[in-house]
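J.: These are the residues of each chain, in order.
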Amino acid sequence: MGEHVIATQDELSNGDRKLVEVEGREIAVFHVNGEYHAYTNWCAHQAGPVCEGKLTGTSDADFDRDSLTVELDWCKEGEVLNCPWHGWEYDVTDGTCLSKEKVQLPSHSIKVENGEVILTL
Amino acid sequence: MSETAQHATSETTVIDTDVHITVEEETVAEYMDEPYRSSITESPHPIFPSSSWDQRMGGKIDDHFSTFTSPDDLLAFQKEFDIEYPIINTFEPLGKFSQPDLAVNLMQAYNDLLFDRFLDDHDFLGLASIATQKPHKAAEELDRVGDEDQIVGVYVGTSGEYPPLGDPEYDVIFQAAEDNDLPMVYHGNGDEFLFDFPMHNKGFNNYFEVQTLGHPWQQMATMSSLIGEGVPEKFPDLDFIFLEAGIGWVPYMMHRMNKIYHMRRSEVPLLEKSPEEYIRDSFYFGSQPLGEPNNPADMKRIVETIGADNLMFATDYPHWDFDHVEELDKYLRNYFTEDERKKVLYETPVKAFNLPL
Ligand code: FES
Chain A
1 MGEHVIATQD
11 ELSNGDRKLV
21 EVEGREIAVF
31 HVNGEYHAYT
41 NWCAHQAGPV
51 CEGKLTGTSD
61 ADFDRDSLTV
71 ELDWCKEGEV
81 LNCPWHGWEY
91 DVTDGTCLSK
101 EKVQLPSHSI
111 KVENGEVILT
121 L
Chain B
1 MSETAQHATS
11 ETTVIDTDVH
21 ITVEEETVAE
31 YMDEPYRSSI
41 TESPHPIFPS
51 SSWDQRMGGK
61 IDDHFSTFTS
71 PDDLLAFQKE
81 FDIEYPIINT
91 FEPLGKFSQP
101 DLAVNLMQAY
111 NDLLFDRFLD
121 DHDFLGLASI
131 ATQKPHKAAE
141 ELDRVGDEDQ
151 IVGVYVGTSG
161 EYPPLGDPEY
171 DVIFQAAEDN
181 DLPMVYHGNG
191 DEFLFDFPMH
201 NKGFNNYFEV
211 QTLGHPWQQM
221 ATMSSLIGEG
231 VPEKFPDLDF
241 IFLEAGIGWV
251 PYMMHRMNKI
261 YHMRRSEVPL
271 LEKSPEEYIR
281 DSFYFGSQPL
291 GEPNNPADMK
301 RIVETIGADN
311 LMFATDYPHW
321 DFDHVEELDK
331 YLRNYFTEDE
341 RKKVLYETPV
351 KAFNLPL
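Sequence order for the protein chains is A and B. Okay, so the first sequence: first residue is 1 according to UniProt numbering, each after it adds one. Okay, so the second sequence: first residue is 1 according to UniProt numbering, each after it adds one.
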């Protein structure tokens with residue numbers, strides 16, 4: 001347990017990430033719209049390097065039963081982390097998996113003090 | 001590849017029954033004769049047919065495939081995944097090529113390339129590719145390369161091949177495979193769904209639907225044709241290996257063919273026992289892509305039904321739907337004995353491929 005400075009605020013523009021090794025674990029911190037989120041680089045599917053994947057958006061769909069039309073919406077641009085191994089999608093703002101309930105990336109608490117991004121492990 | 005994958009197989013010898021090496025068109029062309037070589041290098045459009053599906057979903061899934069081209073890539077993969085023996089193949093299913101002579105020349109080129117770039121200087125194991133368009137040529141090819149120790153099976157894509165793969169037209173291939181102590185290895189494909197099921201390929205709206213069906217439909221068609229034509233009865237020393245459709249389809253096919261056999265025995269008089277018995281005696285299955293039931297106990301039942309004597313591990317690396325070893329091993333460790341686990345990861349493939357280990 002302890003606090004670790006893993007990046008400076010200046011290093012991470014919006015949409016950037018940094019992968020670090022802390023206490024033998026690979027952890028990535030992501031900067032998304034002024035907030036910082038940290039996860040272990042370990043995908044719940046087959047343990048792939050999820051934090052090295054693309055940040056993209058995803059599709060949402062709504063079916064209108066009366067008109068029989070589907071409305072497609074490309075959403076969450078920059079907030080969907082795709083595991084590079086098989087494409088599992090995670091919401092990078094809270095670590096939840098978009099295709100499987102109760103699946104969550106292992107997350108870690110992050111705070112910013114004096115321009116430093118600090119991870120508590 | 002990353003260092004983060006965590007797995008527990010480092011103390012177990014693992015044979016991976018399905019590893020693809022990527023061969024670029026210009027590279028295989030170097031091993032071809034004219035006029036076929038120029039067909040590849042000078043053609044104004046890619047001559048290798050492919051569907052237009054976006055398999056990697058605009059980059060959501062990484063491409064490990066196009067960079068996996070050299071023995072060094074294979075060695076790095078072995079180290080990373082703790083795979084002692086990868087059984088490699090040159091992937092491209094040859095049945096989809098429209099020009100039979102070109103397919104035959106490609107077959108020879110793929111096998112020459114396999115020796116030249118992978119087998120001659122390393123102790124890898126590999127599969128000999130065949131083009132089924134000209135069965136006699138395929139049989140000759142097996143006689144040419146089949147007695148090399150490092151060649152451990154006959155690699156056949158199951159998409160684009162016509163007629164279905166148990167047809168008597170292929171008996172010369174079965175005969176050559178049996179004479180050379182090589183199992184037939186059938187490999188399903190998603191992208192090539194277009195050749196077997198063109199109407200469906202056009203009709204579906206997303207690759208989810210195509211990938212769900214492509215591999216198992218091709219493998220079911222192949223299995224049904226092999227059993228229905230009595231191939232295991234005609235060539236009793238031949239083994240049949242199925243890769244890349246997972247395993248859930250296998251119990252279904254065994255039981256369904258049993259049922260139909262009992263109704264229609266007179267149509268298949270070569271058969272002297274039930275389809276299930278032939279399958280248990282001489283058919284083997286690679287695990288990848290293992291299905292993902294919501295309740296793990298469902299997978300336990302499927303694995304139990306097939307049994308450790310017929311089940312083998314496969315990654316399908318570097319394809320984008322590959323399985324990590326852990327995917328199967330978590331079931332093996334939790335539900336099966338250490339002896340059964342060793343069979344699946346090592347002993348069963350040694351038997352199925354007659355491996356010189
Ligand atoms: S390991 Fe992450 S999607 Fe498969």
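Keep in mind that the hints were calculated from the coordinates and are not lab data. Everything numeric in this text was worked out from a predicted model, so none of it was measured. Some hints here could point you the wrong way.
No more than 25 angstroms apart at the CA atoms, straight line, and that leaves these computed lysine-lysine pairs for DSS-like [as the list claims (entries may be wrong)]:
hint : chain 1 : residue 1 : chain 2 : residue 2
1    : A       : LYS18     : A       : LYS76
2    : A       : LYS100    : B       : LYS330
3    : B       : LYS202    : B       : LYS96
4    : B       : LYS202    : A       : LYS102
5    : A       : LYS100    : B       : LYS300
6    : B       : LYS273    : B       : LYS351
7    : A       : LYS100    : A       : LYS54
8    : B       : LYS273    : B       : LYS134
9    : B       : LYS234    : A       : LYS102
10   : B       : LYS137    : B       : LYS273
11   : B       : LYS96     : B       : LYS137
12   : B       : LYS351    : B       : LYS234
J.: So, for every hint listed, does it hold in this structure?
T.: Hint check results:
Proposed proximity of LYS18 (chain A) and LYS76 (chain A) is supported: the alpha carbons are some 21 angstroms apart, at most 25 angstroms. Restraint check: the Cα-Cα separation between LYS100 (chain A) and LYS330 (chain B) comes to about 19 angstroms, which is no more than 25 angstroms; the hinted pair holds. Restraint check: the Cα-Cα separation between LYS202 (chain B) and LYS96 (chain B) comes to about 17 angstroms, which is no more than 25 angstroms; the hinted pair holds. Pair hint LYS202 (chain B) plus LYS102 (chain A) does not hold up; C-alpha atoms about 36 angstroms apart against a cutoff of 25 angstroms.
For the hint pairing LYS100 (chain A) with LYS300 (chain B), the CA-to-CA distance comes to about 21 angstroms; that is within 25 angstroms, so the pair holds. As the CA atoms of LYS273 (chain B) and LYS351 (chain B) are separated by approximately 22 angstroms, the hinted pair is consistent with the 25 angstroms bound. As the CA atoms of LYS100 (chain A) and LYS54 (chain A) are separated by approximately 19 angstroms, the hinted pair is consistent with the 25 angstroms bound. Restraint check: the Cα-Cα separation between LYS273 (chain B) and LYS134 (chain B) comes to about 31 angstroms, which exceeds 25 angstroms; the hinted pair is violated.
Restraint check for LYS234 (chain B) and LYS102 (chain A): not satisfied, since their Cα atoms lie roughly 52 angstroms apart, outside the 25 angstroms limit. Distance restraint check for LYS137 (chain B) and LYS273 (chain B): the Cα-Cα separation of roughly 32 angstroms exceeds the 25 angstroms cut-off, and the hinted pair is therefore not satisfied. Between LYS96 (chain B) and LYS137 (chain B) the alpha-carbon distance is near 17 angstroms, which keeps this suggested pair within the 25 angstroms criterion. Under the criterion of a C-alpha separation no larger than 25 angstroms, the hint pairing LYS351 (chain B) with LYS234 (chain B) is consistent with the structure, at around 21 angstroms.
Violation of the numbered hints given earlier is confined to hints 4, 8, 9, 10; the remaining hints are satisfied by the structure.
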